[in-house]
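Chains as they are written, first to last, in the numbering used here: chain R, 1 to 289; chain Z, 1 to 278.
Honestly, the hints are just simulated from the structure, not real lab data. Glycine included, C-beta positions come from ideal geometry on N, C-alpha and C. Mixed in with the good hints there might be a few duds.
What the hints assert, rightly or not - Covered stretches of chain Z, going by a simulated chain R footprint (3 or more residues, C-beta under 8 Å):
no. : stretch
1   : 112 to 126
2   : 205 to 214
3   : 251 to 265
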Amino acid sequence: MAARNRAKLPYLLVAPAVALLTLFVVAPGVYALVLSFQARKVVGGLLGGGSKLVFVGFDNYGLALADPELWSSIARMLLVALLFIPATVGFALLFALLLDVPRVRLARSTRLAIFLPYAVPGVIASLMWGFMYLPATSPIGGDHVDFFGSTTVFFSVANVAVWGSVGFNMIVIFTALRSLPAELYEAARIDGCSELRMALRIKVPLVLPAIAMCTLFTALASLQLFNEPNTLRPLSNAVSSTWVPLMKIYEDAFVDSDVNKAAATSVLFVFAALAVSFVASRTVSRVNR
Amino acid sequence: MSPRLRLLPTAALVLGAIYCIVPTLWILIAATKSKTDLFSTATYLPSFGAGIWQNIVDLSTYQGGIFWQWMLNSFGYALIGGVVASLVSAACGYAIALYEFRGRKVVFNVILACVLLPQIVLAIPQYLLLSKVGLTDSLIGVLLPQLFNPYGIYLCKIYAQSAVPDSLLEAGRIDGAGEGRLFFSVGLRLMGPGLVTVFLLQFIAIWNNFLLPYVMLTSDDKFPLTVGLYSLLRHGAAEASLYSLVITGTLLSVLPVIALFLSLQRFWRIDLVTGALK
């Protein structure tokens, strides 16, 4: 009896996760795939005509890829990512190294303050920064600097994203620093190695895996960029309704009601996301080795 | 190191902390202003009138107090979703870590692949599928897709491997404990500290989620805070007096999370996130 239970239990334990995976990852994926190969075509004549779904092969993919707005949205996303990834990882590493300096003051409270924005939703963060950018309410000189200019808007969007993610990444790198054995530094210190040299020559190379993982996390986050530009949109004309790929998919599905084209773009996007994270994670594991 | 040099790292850290706190401080200042003061007084100075009280009253009476319904919804989604997702993750991670069974490798590899797939790109396909079965604009439609947390399962598997010794389970078996009981009374208990982190990560993920509830929900009494405040902002574009409500709502939605966060601080085990790397 016990033996039979032992054989049955793991399946029971795995079942809920597998069921959820099937229903909410696999099934939507397959359904989007099916939709992406169909299109609604008008049938019948002038009288009593309707529309029905017909198989159209790769037409939707052709349509989606030929849409210049998709490519501009990808370009804008890449521009934000170009600012967002290095700034987030760079500041996270800087703050983590500073926290690790012996006898640095106020370490606990500054660490907490920098970590706090992690618990603030992207929408709320964008609201706060949005009002700080808005000329009429800006405390940071929004009446002199145009935070929603054609170039500055990329910095403004990236800034909200950086604000929300530096803290978490800082903690990840800081935890990695803390797990290094203290004896490592003793010899260097006796040899008169400065804290700065020690940080650059000893600490950074040793926490490279954590840095690589943070880079992967932030790269994935930039693909999913949606909340920040979408929330800033009502405050400024500089952000269009198709500013980043996810907003473009949303626009196709819900504003233009072209579910099939939206499904095709979603499928392309899922594959692109998987490709990016696959390459990135391969790089991470190479760094780890 | 000379004392002057030691000040430098501290100063840089303080600058970083200020950068992170300023938006919250400013939203606090802006919330003290009445509708007219918001656009007419110095932006970095608070008003000491009855502005903030009036704003809270206005917000609480806006559409029959719908703001507090949003707050309640957000907590409900995050709490229920967080607890259930952690239990699902714990069960799955425990089984993969401690049992040899057919399909174990396949399940684990598929879950690893899911970790790399940004969940949010699935929101629109999830909506399309759920609208087919009529589950959109329902609480289940928002909750169910957020119960599967591949990263949580991964963390639980790693944690179960190190926290639940095989020998202890063997001893339990010799004493005649059933496999199910071993999971509930030994496994779950030993995995406790790791589970708290998995729960907090998922709680914050659901609390912060916007796109999924945004596409799933149409009736505003089911909105979480993020979607509610966004819809308020959209109305504000036409009616500027709503801006002070958005600002007050933003402040009121940030405060409880910060309080919760500070009080739960010591339960965070971020080293788990990093440790999972190896």
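Inset, instruction - Would you pick out the hints that fail for this structure and give their numbers low to high? - result: No hint contradicted; all consistent.
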